[in-house]
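With the hints as constraints, model all of the structure from the sequences given.
Read top to bottom, the protein sequences are chains A and B.
FYI, full-length UniProt numbering numbers position 459 of the first sequence as 459, with every residue one higher than the one before it.
FYI, full-length UniProt numbering numbers position 324 of the second sequence as 324, with every residue one higher than the one before it.
Please note that the accuracy of each hint is not assured.
[Stated by the list, open to error] Not the full set, but computed from the structure, chain A residues with beta-carbon under 10 Å of chain B:
(1) V42
(2) D170
(3) A173
(4) S401
(5) G469
In short, the hints are calculated from the structure, not lab data.
All values derive from a computational prediction rather than experimental measurement.
Where is the CB? At the ideal position from N, CA and C, for every residue including glycine.
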Amino acid sequence: MSTRAPDPGILSLLRDRIDAAPRACTYAEARFVGRRFEQVRVRNGEADAVDTGDSEGVGVRVRAEGRWGFAATREVTAAAIEEALDHALQIARAGPASPRAAEPLAPPSAEPSRGHWGSACELDPFTVSVEEKLALLLGAEEILRTDRRISRGSAESHAMRETWALATTDGVACTQVRTECGGGLQALATDGELIQTRSYPAAHGGDVALAGWEHVLGLDLLGAAGRVRDEALELLTAPPCPSGRRTVILGGEQMALQVHESIGHALELDRILLGEAAYAGASWVAPRDIGTLRYGSRELNITADATLPGALGSAAWDDEGVPAARTLLIEDGVLRATLADRTSAAQLGLPASTGCSRAEGFARQPIVRMTNVSIEPGQAGTLDDLIAATEDGLLLETNQSWSIDDRRLHFQFGCETAREIRGGKLGRLYRDPSYAGITPMFWAGLDAVCSAPAWRVWGVMNCGKGEPGQMLPVGHGTAPARFTDVEVGVA
Amino acid sequence: MTDALELAERALAHTDGQALARVVAERSLSLRFARSAATQSTAIDDLDVEIMVLRDGHAGVAATNHVDDAGLRDAARRAADAAAVAAAHAAAAGPYPSPPPGTISEGLVGWDPATAALDPGEGAAAIEAAIRESTRHDQEAFGIWSSGEVTHAIASSAGARLVDRVTDSYMKVITRDARERSGFAAATDMTVGAIDGAALARTAAAKVGPEEPVDLPPGTYTAVLDTEAVGELLSFTAALAFDGLGYAEGRGALTGRLGEQVAAPAVTLLDDPRGPGTLLRTFDADGVAKGPVPLLAHGVAKGVVHDIRSAARAGGDAVSTGHAIAPGGSPEGPLASNLVLAAGDAADVAELCAPIERGIYVTRLWYTNTVREREALVTSMTRDGTFLIEDGRITRPIRDVRITDGLLRILSAVEALGSRQRLVGHGEFYGRRFAHGVLCPAIRVADVRVTGGA
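Next up, the structure:
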């Protein structure tokens with residue numbers, strides 16, 4: 001376990017400065033974030049990049065005269081934090097006058113959050129040598145390129161440790177350490193005309209978890225490489241996926257993106273309340289829908305759970321000091337709750353935040369973000385069971401492209417592969433599959449979700465939101481699931 | 001602000017052999033608003049020190065925001081270790097024989113003192129003006145005002161001492177009525193004085209009319225794409241067609257097509273980091289001087305952009321064109337970030353619409369993403385002001401539609417271009433602030449493929 005707390009002097013420093021915050025601040029918080037990262041990437045037999053970095057600083061957020069101000073400094077000193085406090089107060093006061101009175105913040109928790117938490121990490125990725133990482137990645141990547149039609153093989157690993165401390169004027173004083181680690185590989189096959197891609201275990205950089213190097217070892221990149229290569233080559237001779245309305249089974253990784261884009265973002269309360277309308281967008285869900293809206297079929301059960309072990313969106317507290325919790329968002333297809341921070345919860349008159357306030361690093365302010373938004377396991381057994389129970393359809397796996405409108409209503413996604421299903425058996429392979437849908441109609445067609453043994457958590461590293469932009473990692477627990485009457489082949 | 005060049009020199013002093021240190025220091029202020037009220041205000045004062053060490057032509061790069069000697073020394077050691085590892089696992093020497101030849105320059109051509117002041121009062125005044133204007137139209141205002149000063153400094157073992165200090169200001173206004181109809185306008189400039197909140201709100205509000213939107217069935221339509229939509233598509237073209245790494249790896253849409261007619265004869269496109277109306281830049285992340293690079297001349301593919309890494313991979317006579325976005329080159333490839341699409345002769349959007357019997361007018365595109373890289377096939381949704389064109393005039397709003405089409409196909413179907421260019425900026429700034437944009441006019445395009453709607 002790696003649960004090293006940040007230097008205790010840092011939390012004291014934050015508390016001292018917050019205790020001395022000007023009286024004009026109705027609320028103030030100071031958040032220290034120290035980060036260390038390493039990315040190792042191999043490409044066509046060479047070490048393409050060994051990128052390392054570290055950073056630290058303090059972000060200070062205040063509320064004054066009903067407006068927010070945030071200032072960040074990389075200097076972790078009393079003078080610099082005090083200066084940031086003054087700056088945050090200055091820009092809060094300078095903001096345009098509001099036509100409406102500001103609501104108070106929802107309370108952080110019954111008792112102010114205190115203490116320290118560290119994520120599980122059996123093998124500290126920063127003590128595993130770069131040479132050892134390269135040996136694994138180069139070994140797997142070499143297997144990809146044992147056929148000359150693989151024009152580019154690549155493999156990568158990612159490690160990040162974040163040390164965090166938070167103090168607020170309502171008594172929060174806590175620290176945590178999170179370690180992320182993961183990786184994956186990708187084969188690019190070409191016959192001179194077509195280019196086809198196959199990734200493992202997920203596209204867009206592989207699969208990352210809140211874990212140590214043991215997560216990368218558990219992916220068995222060496223064992224998977226031959227299959228990845230063969231599937232990339234098979235795609236070169238596969239016909240394009242035919243278009244039409246079909247029954248589809250989405251693999252677990254694609255389900256993660258489907259949940260992320262068409263449920264997770266749509267249920268962010270700041271979007272529902274129009275706070276993000278100028279950039280990320282609003283939502284097709286309205287405040288009055290909470291508790292009554294039929295989001296999908298009765299098979300649809302969705303949770304937000306920041307307590308999930310090993311999931312990228314897990315922590316003991318969010319960036320406002322609200323303790324991690326599990327919230328049922330959709331129950332038997334009906335919308336029950338949303339993702340909220342203290343501001344949006346108060347705006348809607350909710351009794352409390354759902355602990356979804358997160359920020360990227362020290363130089364961005366917390367906003368409403370997903371933690372781990374998951375579809376709960378169903379009763380359809382294994383993926384093989386679900387295929388066997390499907391007379392005519394397609395199995396779509398591994399995300400390749402994604403796009404959705406600003407209300408999270410109309411989406412179009414592409415996958416790396418499609419396999420025909422006939423009479424309960426897998427058939428021919430198709431390349432370049434895509435599908436499109438309207439969110440509530442698509443989820444209304446959900447008729448089966450695989451059972452708990454087929455359920456696992458996926459890490460999504462590139463969730464973007466906010467201005468200035470913030471990229472945050474989130475987790476999604478999913479199992480393969482089946483949808484009826486889906487529009488396939490639109491691209 | 002820390003003296004960026006002095007810091008780059010201190011970082012370089014912790015390296016041995018061939019090396020380069022780059023400092024990117026950001027001061028910025030962003031004020032967001034929604035429903036005609038302030039929501040978030042963010043002030044950033046931070047920097048990155050990136051140290052690149054070369055071993056046998058292989059680059060190792062490490063980054064830090066620690067500016068004391070211990071932090072810089074540690075980053076230099078990590079960079080040296082990374083370079084040594086890369087060299088040890090390579091079959092041949094790498095693409096970096098040395099940092100670019102030493103030059104000394106200090107650029108302030110893209111810098112404005114009033115913008116660098118980051119005055120929150122100026123931002124608040126612009127927002128209040130936008131809110132007043134939108135209220136006058138019975139609409140609510142949403143958006144952001146953001147200004148920044150970013151200093152790039154490079155010191156290298158080859159003697160380079162480079163400083164480029166730039167400012168930028170960006171404002172976006174979306175206005176929205178009670179029926180959830182919305183309009184959009186945005187402005188980007190080197191100087192904050194060019195940002196007019198009231199004018200932006202007026203433009204946005206004018207796109208929200210009393211008519212109910214209608215549904216548009218999938219099909220192909222002649223489209224007038226306003227500047228924001230054109231800028232979005234050209235930004236994707238930069239990544240899918242003009243990226244020298246993708247070109248060299250056979251993934252690019254122009255692979256094997258240089259010299260061919262790939263766009264309509266009316267289309268002339270270059271990357272011009274020193275041209276009038278752009279956000280001026282003097283050198284890239286490797287310290288290579290920037291200059292104009294022809295990409296399409298009257299529709300003929302003329303070139304792609306390179307950094308040192310992609311040029312080495314391309315071989316032949318390819319050289320860096322000054323488009324590295326990270327020291328040593330990003331694994332994602334170089335980026336043309338100052339695209340300029342030559343203007344045409346249509347006086348305005350109305351003139352572009354005039355010959356269209358039935359088509360669509362698109363204010364902006366949203367969530368564009370690549371479907372198939374080699375074909376430069378992308379998909380995107382319209383947003384904040386999409387209209388039907390009937391009998392040569394913009395008539396009724398339509399509900400947002402999805403467009404899925406090839407970027408080179410779109411460029412090959414350009415029928416006319418507007419005579420006025422606008423700088424379409426990218427104001428989201430994931431990571432370190434990197435103001436860039438596309439200078440372009442509105443265009444008319446035949447047979448744009450609409451594949452669905454919301």
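Hint check results:
1. Taken as an interface hint, A:V42 checks out: its beta carbon lies about 8 Å from the nearest beta carbon of chain B, inside 10 Å.
2. The closest approach between the C-beta of A:D170 and any C-beta of chain B is roughly 20 Å, which is over the 10 Å cut-off, so the hint fails.
3. Checking A:A173 against chain B by beta carbon gives a least distance of about 24 Å; that is not within 10 Å, so the hint is violated.
4. The restraint placing A:S401 at the interface with chain B holds, with a minimum CB-CB distance near 5 Å, inside the 10 Å limit.
5. Interface hint status for A:G469: upheld, as the beta-carbon distance to the closest one in chain B is roughly 4 Å, under 10 Å.
Consistency with the previously given hints fails for numbers 2 and 3, ordered from lowest to highest.
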